[in-house]
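Student: Below, each chain spelled out in residue letters.
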Amino acid sequence: MPAIIEVDHLSKNFGQLRALDDVSFSVAEGEVFGFLGPNGAGKTTTIRILLGLLRADRGSARIGGHDCWDDHSGAARLFGGTLEQPGLYGYLSGRDNLLQFARILGPIDEKQIGDLIALVGMTERADDKVRRYSMGMRQRVALAQALLGRPRLLVLDEPTNGLDPNGIHGLRILLRRLATDQGLTIFLSSHLLSEVEELCDRVVVLHRGQVRAAGPISQLMNAKGFRYQIDVSDVDRALAIVRSVDGASAEPGTIKDSITVVSENDLARTISRALVTAGVEVDQLVRTQRGLEDIYIELTGVPSASPLSAPTAAVTVP
Amino acid sequence: MLTVLVRNELEKTWRSRWMVFAVLAGLFFLIAVGLYSYYVYHDHRWSPPPPVAWQNQLRSDIANNESSLDNLQTVKQQVGTRGRVLINGRGLADAETRFRQAIAGDQYLLDNNIAPLSAFSVTRAALFALGGIIMFLLVRIFGWLASEQIAGERSDRTIAILLSRPPSRDQILVAKAIASFLTSLAVVVASFLVTYAVVAFLMGAAGPIAGQVGIPIDGSHPLNPSNLVIMPISVFVLMCIGGAMLAVLCVQGMSLLVSVLTGRWAAIGITLGVLFGASLLSSVIAGIISLITGSADSAHFLNYIFFNVLAPVGSIAPVFGNGASEAGKGMQEFGSEIATLAVWTAAFFVAAWFFFRHKEEAG
Numbered sequence: 001m002p003a004i005i006e007v008d009h010l011s012k013n014f015g016q017l018r019a020l021d022d023v024s025f026s027v028a029e030g031e032v033f034g035f036l037g038p039n040g041a042g043k044t045t046t047i048r049i050l051l052g053l054l055r056a057d058r059g060s061a062r063i064g065g066h067d068c069w070d071d072h073s074g075a076a077r078l079f080g081g082t083l084e085q086p087g088l089y090g091y092l093s094g095r096d097n098l099l100q101f102a103r104i105l106g107p108i109d110e111k112q113i114g115d116l117i118a119l120v121g122m123t124e125r126a127d128d129k130v131r132r133y134s135m136g137m138r139q140r141v142a143l144a145q146a147l148l149g150r151p152r153l154l155v156l157d158e159p160t161n162g163l164d165p166n167g168i169h170g171l172r173i174l175l176r177r178l179a180t181d182q183g184l185t186i187f188l189s190s191h192l193l194s195e196v197e198e199l200c201d202r203v204v205v206l207h208r209g210q211v212r213a214a215g216p217i218s219q220l221m222n223a224k225g226f227r228y229q230i231d232v233s234d235v236d237r238a239l240a241i242v243r244s245v246d247g248a249s250a251e252p253g254t255i256k257d258s259i260t261v262v263s264e265n266d267l268a269r270t271i272s273r274a275l276v277t278a279g280v281e282v283d284q285l286v287r288t289q290r291g292l293e294d295i296y297i298e299l300t301g302v303p304s305a306s307p308l309s310a311p312t313a314a315v316t317v318p
Numbered sequence: 001m002l003t004v005l006v007r008n009e010l011e012k013t014w015r016s017r018w019m020v021f022a023v024l025a026g027l028f029f030l031i032a033v034g035l036y037s038y039y040v041y042h043d044h045r046w047s048p049p050p051p052v053a054w055q056n057q058l059r060s061d062i063a064n065n066e067s068s069l070d071n072l073q074t075v076k077q078q079v080g081t082r083g084r085v086l087i088n089g090r091g092l093a094d095a096e097t098r099f100r101q102a103i104a105g106d107q108y109l110l111d112n113n114i115a116p117l118s119a120f121s122v123t124r125a126a127l128f129a130l131g132g133i134i135m136f137l138l139v140r141i142f143g144w145l146a147s148e149q150i151a152g153e154r155s156d157r158t159i160a161i162l163l164s165r166p167p168s169r170d171q172i173l174v175a176k177a178i179a180s181f182l183t184s185l186a187v188v189v190a191s192f193l194v195t196y197a198v199v200a201f202l203m204g205a206a207g208p209i210a211g212q213v214g215i216p217i218d219g220s221h222p223l224n225p226s227n228l229v230i231m232p233i234s235v236f237v238l239m240c241i242g243g244a245m246l247a248v249l250c251v252q253g254m255s256l257l258v259s260v261l262t263g264r265w266a267a268i269g270i271t272l273g274v275l276f277g278a279s280l281l282s283s284v285i286a287g288i289i290s291l292i293t294g295s296a297d298s299a300h301f302l303n304y305i306f307f308n309v310l311a312p313v314g315s316i317a318p319v320f321g322n323g324a325s326e327a328g329k330g331m332q333e334f335g336s337e338i339a340t341l342a343v344w345t346a347a348f349f350v351a352a353w354f355f356f357r358h359k360e361e362a363g
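Chains as they are written, first to last, in the working numbering: chain A, 1 to 318; chain B, 1 to 363.
So here's chain A without its partners, still in its complex pose (with noise of 0.2 Å):
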């Protein structure tokens, strides 16, 4: 499948701030590819010059083979987009927030947009002012925007921010459809983990500006050896044992008196015999997958005081 985004050396500096430092992707025609790291990053300076809202100090980014700065409005005919904070007028309704954007897309008639509406779920409120919509609500308008005019490629930055569980649920489902039923390409930058592990079939990981890690989730989630979950009677003692194994890292689990181990290779048999023998007890150690979670904390989580920032740190609340 030829490209459809196609994300060259791009950097991107706010004054002192290197927002983007030689980022490079490419996303296939009808691919789901998600965009993920954590606040800061860089995704949304990323979203935002492929937009064309900004305009990269170095490098390029197109969309279609379009530059996003320099042929804005060829890139602009193959996309919709929506971001963070849904940019809606509060004091028109959601169905002419939606005319607005019809009538520069060319002829999409009131049909259409009551099929949108009815799409994302907003058919009672449509003609309620978007003022008086809830933040879920803003999204999914925000979303059937993006859909006018039957895009080829859809980006989306944070799309179920406010969306409640239902809403999240369907999102997923409607993302789905259109990747499968229309062969829509969606880039997908979301915080929430599960979702793009569902839905994507490729991710890059941004820290700091660069490209982290970049590739198909599988490939992703067996690059880095084992994981195991294992309930113990003494989790301090267990974690030195465990420690002492060459290969094997580990922390305290997620789940009470647990340790949760990682290593390159198997070593289940080499873990257990040396916690029996230590004299620790081990009620149940089980192999589980690694999930994207845990790749993205591994690449993304750095040393912190703060375990917003360091998630396997010890918390003590003050």
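In short, the hints are calculated from the structure, not lab data. Note that the Cβ used here is the ideal one computed from N, Cα and C, for glycine as well. Don't take each hint at face value.
Which stretches of chain B does chain A cover? Using the computed rule of at least three CB atoms under 8 Å from a CB of chain A, they are [what the hints assert, rightly or not]:
| no. | stretch |
| --- | --- |
| 1 | 1-7 |
| 2 | 11-24 |
| 3 | 150-162 |
Examples of chain A residues lying across from chain B (beta carbon under 7 Å, computed) [unchecked claim]:
| no. | residue |
| --- | --- |
| 4 | L51 |
| 5 | G52 |
| 6 | W69 |
| 7 | S73 |
| 8 | A76 |
| 9 | R77 |
| 10 | L78 |
| 11 | G81 |
| 12 | L83 |
| 13 | Q85 |
| 14 | Q100 |
| 15 | R103 |
| 16 | I104 |
| 17 | I108 |
| 18 | L163 |
| 19 | F226 |
Here are some chain A residues the structure puts well away from chain B; computed CB gaps all over 12 Å [stated by the list, open to error]:
| no. | residue |
| --- | --- |
| 20 | K12 |
| 21 | A142 |
| 22 | Q145 |
| 23 | D231 |
Knowing the structure of chain A, use the given hints to seat chain B on it.
Tutor: Using the frame of chain A, we list chain B on its own:
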């Protein structure tokens, strides 16, 4: 595409700012009611007064000016050479010259059967509605609305989605400028028509709209064939609307430039600050320059700043006249102010276009 964008902008302006237009309409209504109440109280009648032919009005003006001249002579004799008397800020000799010139001017118009600008309801309405306090207010309101065109969208975060769509930035800016201009044109024309109706009532007749009026080229000199332009009433009214709209366009260009560079509240603050306060600041600067250099002429260049062209009258239309108090004004000044504003307007729009093309929206 441009038509669609203009339509969108007009819809957004109307839907977000209809209250401003409703308040303006209410204000016009209240002013009309106030004027009518004053008329009824002052003239003790409910119906319009009988119309007065402009020739009679001129004869009456001549008689009044001759009477003022007589009074001036009396004052002159009483004062002699001992003291200094000022009339409307002018010395006796200066005032006498001006009265004599006004009488000669009116007599010239009468002798040659040329109607002055004050002769007809429609020309008076043009002078009053397209200049003075009405335009003073309208220009500021239009400045405020234009300052929100882009800055407001930036603050509401809608500019990002608008710019991410296929229309180019040039098209978006031009559409916003056209929509602002069309909105202000509609309001200015409506204000003129309302004023015309009120003036027609107060003058007792709608008066002719076909016919001709005479306008001095340089109001500070006596009227004669080489210092007088005679033009159809309709052309004069259109010229006034054109002058007023150029003033509006200039302010909109300035506001749009500010709007391109800032957020909503900064744009409104800067625009209104310039429109209300800059001419005052300019006077202070002119005073300081004059004090330092010892010459009032050294601050003359400040007169070419756009807000100083707009400031005295709110608009550039009412620079005409041939009365004693209108000396120094006329077609010549109108032309020079048009040229000054045209240059400023072009500069503002070019600057707005340049910055908007290159402005990055970092969110």
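Student: Using the nearest Cβ pair, does W69/A come within less than 7 Å of chain B?
Tutor: With Cβ-Cβ at 9 Å, over 7 Å, it is violated.
Student: Was the hint right that I108/A lines chain B, CB cutoff 7 Å?
Tutor: Violated, because the Cβ-Cβ distance from I108/A to chain B comes to roughly 11 Å (cut-off 7 Å).
Student: Using 7 Å as the Cβ threshold, decide whether G52/A counts as touching chain B.
Tutor: Holds - the Cβ of G52/A comes within 7 Å of chain B, reaching about 6 Å at its closest.
Student: Taking beta carbons only, do three or more residues of the stretch 11-24 of chain B come closer than 8 Å to chain A?
Tutor: Answer holds; 4 residues pass the 8 Å Cβ test.
Student: Quick check: the stretch 150-162 of chain B, covered by chain A? Criterion 3+ residues, Cβ under 8 Å.
Tutor: Since 7 is at least three, the answer is holds.
Student: So, L83/A near chain B? Judge it on the closest CB pair being under 7 Å.
Tutor: At 6 Å from the nearest chain B Cβ, L83/A passes the 7 Å test, so the hint holds.
Student: With chain B as the partner, please determine if S73/A meets the hint condition of a C-beta pair closer than 7 Å.
Tutor: holds (5 Å)
Student: Are R77/A and chain B close enough, Cβ to Cβ, to be under 7 Å, as the hint says?
Tutor: With a closest approach of 5 Å, the R77/A hint holds.
Student: Determine whether the non-interface label on A142/A survives the test: each CB of chain B must be over 12 Å from its CB.
Tutor: Given a closest Cβ separation of 8 Å, the condition is violated.
Student: Would the hint on I104/A be counted as holding, given a Cβ-Cβ threshold of 7 Å to chain B?
Tutor: For I104/A, the interface hint holds, since the closest Cβ of chain B sits about 5 Å away, which is under 7 Å.
Student: Hint check: is the beta carbon of L51/A less than 7 Å from a beta carbon of chain B?
Tutor: Hint on L51/A: holds, closest Cβ of chain B at ~4 Å, below 7 Å.
Student: Is the coverage entry for the stretch 1-7 of chain B by chain A consistent with the three-residue Cβ rule at 8 Å?
Tutor: Answer holds; 4 residues pass the 8 Å Cβ test.
Figure legend: structure checked against the earlier numbered hints; hints not met, in rising order: 6, 10, 17, 18, 19, 20, 21, 22.
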